[in-house]
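Q: Each chain is listed here by its residues.
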Amino acid sequence: MNFRPMAHLFANALEGFFFGSGKAHVVTGVALIILAGLAMSLWRMDRRLRRLESEQHDPKA
Amino acid sequence: MSSWNSLWKWGSVALLAYVIVRGFSTPLQPGLVESSPSRLAPGKHALTLQAVGQPFAEPDAESADFSLILRSGKELVRTDITAITPHSVEADVIIPEAVPSPAMDAFLFTPEAGTLFLGNAFFVEDAAVGPLPADLRAEAPTEVAPDLGFSFPYQPTIVESIRNLLWHVPMWFAMFFVMGIGFVASLAQLRTGLVKWDLRAEAAVRTGLVFGILGLATGSLWARFTWGAWWVSDPQLNGALVTVLLYSGYRVLRAALGEDERVGRIAAVYNVFAFVMLVILLMVLPRYTESLHPGKDGNPGFNSYDLDNSLRAVFYPAVIGWGALCYWMYTLRLRMNRVEHHLLTR
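Chains as they are written, first to last, in the working numbering: chain A, 153 to 213; chain B, 1114 to 1459.
In isolation and in its complexed conformation, chain A is listed as follows:
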């Protein structure tokens, strides 16, 4: 099976989309924002769980 003709079409399209138009920086920025959001939500969940765990271990709290 020969995939080369398809590679020509998509390789150039991808090249142009990401790098020719400077969109690689936009993709990088969006990915970093998503990662930061995910990390913050995990961190908040971590803190809340710690509070719940301490309440469970100390019924008076």
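Please note that the accuracy of each hint is not assured.
[As the list claims (entries may be wrong)] Covered stretches of chain A (chain B as the covering partner; in silico rule of three or more C-beta atoms under 8 Å from a C-beta of chain B): (1) 177 to 186; (2) 191 to 197; (3) 202 to 210.
Keep in mind that the hints were calculated from the coordinates and are not lab data.
Computed from a predicted model, the values in this text were never measured in an experiment.
We treat Cβ as the ideally placed atom computed from N, Cα and C, and that holds for glycine.
Add chain B to chain A, keeping to what the hints say.
A: Below, chain B without anything else, positioned relative to chain A:
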């Protein structure tokens, strides 16, 4: 949170931030992707070859510093370069009445970017099979080692989408890792009957499913750019989908059993079965059949010659980063399970 606990969690986030920045900003090494006209007949022709990735020539480069040679069978055909741009080369070639082989590969020798290759770049029609005339033969110039700085390797067909390697593969590794934890927990649950192992297995499968679905999504996107379809009927791809469906069945089973006291034991048996199927479907069966997927029969994988040092410098942090993030998510789910179990049983 103890300092070590914070360190590895935020370390995973920092590693992934590095992977994102490096992964999207590192240029691709140059590679030839397109030739025109692709079909040639005996006579004189003007050829054009297009490249992607980093420029292989300066805008004001001298044609004399470059050399374009076509290979027909075991013989080399001379060309005369007429124009060089950072991403293309134009050359004149004379196709004789007889060529050793109708399929011709192209080699572009550059002073800084090394040798660029395009297999089956041209096809000669209406020519007999025979040796090349002496005046059209070329001598291969001495190859120079490429001096491209930090850049990702050029792979035909994959091209720019090689960056997806930093997402797709580590996500599957993370899924394997956490499903392995679930498998061990289920075995321990079956041996001891303790609820704590069931809570671990449930958290592991739930987290692993997230990464399995992400692995499928990134794989499908990759297939679209390299194979031209979102999904192809391939043993590796179908195996991955069946695996994710099997683990979804684990969740359905637990939900169906509800508060039944046998839920832990039944789910553990199912989870052991699911993990064995995961190994068979993803690591055994695809190796016995033809597969488009890299690393399987009939298709090259990301072996030592593909994963060059620049890619390794980002790929290994990606594996550690995704693995640690997955483990962080697993520990959160496990702690949530414990709190929930404590509230339900007190």
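Q: Look at each hint and say if it fits the structure.
A: Tested hints:
Check on the segment 177 to 186 of chain A: 5 of its residues sit with their Cβ under 8 Å from a Cβ of chain B, so the three-residue criterion for coverage holds. Only residues whose beta carbon comes within less than 8 Å of a beta carbon in chain B count, and the segment 191 to 197 of chain A has 4; three or more means the coverage holds. Coverage of the segment 202 to 210 of chain A by chain B holds. Counting CB-CB distances below 8 Å, 4 residues qualify, and the rule asks for three or more.
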